[in-house]
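Undergrad: Residue-level listing of the chains:
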Amino acid sequence: MRYLLALLPLAMLSACGKPEARTELTIQRFFGACQAEFGTLADPAKAEGECGIITAMINQFEAANPDIKVVENTVFWPGYDQLTAQLAANGPPDLVTMHSSAIPDYEARGLLEPLDADLAAVGITPDQFTAAARVGVMVDGKTMGLPIDVWAPLWHVNMNLFRQAGLVANDQPVLPTSPEEFFAQAAQFQERTGKPYLVQISTKDSSGPMRIFYVWMLQQGAPLFRDARHANFDSPAARRALSFMKDLYQRGYSAKNLDYASAVSTFLKGEGGILVDGTWMVGKFDAFAHDATSPLYRGYAVRSFPFLFEGRRVALVDGHNWVMPTDAKRTAREREAAQRFLKYFAANDFQWARTGHFPAYKSIIESAQWQQLPHRGDIATITQIGEPLPKYVRRQSAIEYVVGEEVSAAYTGAKPVDRALTDMQRRANEILQSY
Amino acid sequence: MAEGSGLRRAATWDRWSGALFVAPYCAFFVLMLVIPLGLGIHLAMTRGDLFGIDEFVGFDNFARLFADPVFLRTVWNTIYFVLLTVPAMTLTGLALALVLNHTSRWAAILRAIFFASTVLSVTVVALIWRLVLIPEGGLAGVVARAIGEQPIAFLSEQALAMPAVAVTTIWWGLGLPMVLFLAALQQIPRDLYEAAALDRASKMRMLFSITLPSIRRTIALVLVIEIILQFQLFGQAHLMTGGGPNNSTRPIVLFIYQTGWKQWQLGYAAAAAQVLFVMIALAAMAQYYITSRKDKA
Amino acid sequence: MSLAAVHKPPRTAIVLVTLAAVFMLAPMLWVLILSFKDNTALMADTGSAFLPPWTIANYRSIVGEGQVFTWLMNSVIVSLAMTAGVLMLSSLAAYGFARLEFPGRKLLFVIVLFGLAIPEQAVIIGRHQMFSAASLHNTYAALVLPGLSMPFGVFLMTQYFRAIPKEIDEAALLDGASRLRIFWRILLPLTIPAQATLGIFTFFHAWNDYWWPLISATNRDMVTLTVGIAATQVNFAQSEGLGFLMAQAVFAGVPTLLVYLVFQKYIVRAVAGAAGQ
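Residue numbers (the working numbering), protein chains in the order written: chain A, 1 to 435; chain B, 1 to 297; chain C, 1 to 277.
FYI, nobody ran anything at the bench for these hints, they're computed from the structure.
As the structure is a computational prediction, the values presented were derived from the model and not from experiment.
We put the beta carbon where it would ideally sit given N, CA and C, even for glycine.
One thing to keep in mind: the hints can contain errors.
[Claimed, not checked] Footprint (simulated), chain A over chain C, 3 or more residues, beta carbon under 8 angstroms:
(1) 107 to 118
(2) 210 to 219
[To be verified] Lysine to any residue pairs mimicking SDA-like chemistry, simulated, CA-CA at most 25 angstroms apart:
(3) B:262 <-> A:46
(4) C:106 <-> B:9
(5) A:46 <-> C:60
(6) B:262 <-> A:78
Given only the sequences and the hints, what does the whole structure look like? Please build it.
TA: Shown next, in the form of structure tokens:
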């Protein structure tokens, strides 16, 4: 017994072991999990797709900084339920990806660290960002994160099918400029190819339907929100947008009952003319366009939403940013590690832009290297006409959910358009007035 | 004198020593059940989110709930779901128990098959069925095409989504009623049947006159267990449909989760949780009432 | 004895039941087959699942990546710990309620019974706030402690203790045994069937827990099996692929199925035993 007691202090000492010399940096992100394919890759130039490139970038950063141990948390999109839970539990990550539209909510509750000083310490200042990126990340003159991109919803076009439908002129896809033209062209397309003109996501997804609805509203020159406490979904513009969406769905010009994965798969199989998705797929689809076995071989083009309505030539944009949640337990070393990561990411934003998203830095957007990336020239106007969701309206994530659900219900015919708009307006206002 | 106080101390110790056995559990009971319940009720009367309470609003949240079409729809969805699953599970479980109440090999294998799905966890079941029900690529779609039919998008159709979730749940939970009924059936004394056979009673007669009355307590038990269980539907709806299409599959528990964590309205969510509590408490009290009455009978 | 001794079920019943069994097995077998197909082939057409070629690439990926193992391990640790805790606490408390006299015993027991009616939803938000205030989220403690308060265990064990004849206690008391000794050495071994029932119920309750770990165990290392499987299925177009997802589901389901097949008799007996209580 005494002999055991004597051993105890030795045992305790050995249990302490060597102190962890590396600083732990917890990085949390969405963009999917792809450990199987890209788990060990440390060269972003060889990766593709959002998941692949970000995994490779984090690996490359870790390899170049042996004194930092990166704990990478992948959460399912958009990860805000989890982040909220973590913040409430006083255990948030050091850096997390956040949409520009979500920043106001967390900032208003004091849950994010302003990063002006941190970024300045590694040589990054707001005037280096593009206008859209800067607007997205600044609140009340403070830089609430490091922007990494600006993204937009897009029309991805299957040019092979378009050629078959006779909708190609001068090697450009012919896109409608009004609802009437839309129906005419869609009819022609479906008659000649037998495939649906549009491939939209309508199941178990609120962001897809919401973005499309917002774009049609914005194009009519109508604001999405009348003020910080009232939505504008009971306006004639909203009615026109939703009725148009319903019309085209009911007339059979969109593929039906697709969730996100099925929609992408449908487009990749050459079973639809236009996939309504976003900038993040440009890199991936372009790769398929060079694959001789793919239905998209030499037949991929991408464009911003065509202007179907008289009003404003505007595009909807949002952005991704790295933000730092407040954490009283974060040490100075951890903070310094985070700064280093932000510096690395800013310096390598070009790699991230290979996904298809617009880079957040003027120097990259103006560079020949970026402009020569495939298809960027076709969508570059978005950087000028792109407009983010208004910063003074909070709870965008919650409202997106409501809008998406009501829009889907209306255009699939489950609910009359007017009822859907009234419900959408009521529910959105409730959310906007609940804080 | 010293003896007297010693005896008194022993008597006090005797009186209270029993309490030491229940104390550890009671500590957890208070800490993990009573206090959180109190906190929940308090929260239900406030407006705020996970990061802080903004103000006390009394019964406002409850008034809002009962005027909220979305919430009222979720109450209906929950009741509808219970109606879809509980009778089906109970009847099918009973039928299976009656047929499989055998000592033969095939009966044993079939019994094992029917209970196997019950041991899987809820998210695995939701994943399996979500993929079974994908219109073009899922098993249901493949089977439909094989028999020359168009695949149906169950989870996208307003009228079919909840039944699809119900079928998933029945597939998952069928084993439990079956096992409970099997045990009950095995308690019935054999001579009752032998006497009836001597009277040349038909199988149907025996079923209704002997079997069912003998297991009525178990039937009640199964009904109430399943009702309470299915009232708490969450995982399947969260993962298979997210509450859609058009709010047709959102149960109360999913409403609570989304309101509290997605919409940052924690007080409102807590109020909905208390409403659910009352509904389940009524069902639990019904169980106590029914089973205690049966005991007296 | 059973109904079986008296008559065999009609042929139509057997056919129907066999068809029902096929319905039960089909989804599980389909998932199994899909897990052996290459992801890109599946993206093109899931009907190809029934034709060769098949591959074990998905399983190799899982073994290489290892996340499922972490989830599995967390679920096992939490479930075992909660089971052990509930068995111990409930048995101790049940002995106190069933056998010992102390002031307020009857009232306390009734209060505990009322606890049976409290669903998890009514307390989960309060618990979340408490653990947040104590900064105890993302720990095994947070995942295990709440479950220790379930009144069902106390209820079940108290019924069982009450059914044991008092003479056994009295004989031991005459021999000068202490209360604790009576409990530990004499009565507890007699309650093993009830322990098995309660243990199995608690284990599966913990194993199946989804909402609480979803909001409490959010860090990568603490994620449990239910939450992990849920997370990866949400947007698989942007991640590993259908075949990999199926392999994960197999990994998640096979251990429990194996345990079930091996301990079938005990599990079924335990579950049925609850019906008697």
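Undergrad: Check the hint pairing residue 106 of chain C with residue 9 of chain B against an upper bound of 25 angstroms on the C-alpha distance.
TA: holds (24 angstroms)
Undergrad: Regarding the pair residue 262 of chain B and residue 78 of chain A, is the alpha-carbon distance no greater than 25 angstroms?
TA: holds (11 angstroms)
Undergrad: Counting residues of the segment 210 to 219 of chain C with a beta carbon closer than 8 angstroms to any beta carbon of chain A, are there 3 or more?
TA: Coverage by chain A holds for the segment 210 to 219 of chain C (5 residues, Cβ < 8 angstroms).
Undergrad: Sort out whether residue 60 of chain C lies within 25 angstroms of residue 46 of chain A, counting only the CA atoms.
TA: holds (23 angstroms)
Undergrad: Does the alpha-carbon distance linking residue 262 of chain B and residue 46 of chain A stay inside the 25 angstroms limit?
TA: With a Cα-Cα distance of about 37 angstroms, the restraint between residue 262 of chain B and residue 46 of chain A is violated, given a limit of 25 angstroms.
Undergrad: For the segment 107 to 118 of chain C, count the residues whose Cβ lies under 8 angstroms from any Cβ of chain A; is that count three or more?
TA: Violated - the segment 107 to 118 of chain C has 0 residues with a Cβ nearer than 8 angstroms to chain A, which falls short of three.
The structure does not agree with the numbered hints 1, 3 stated previously, though it agrees with the rest.
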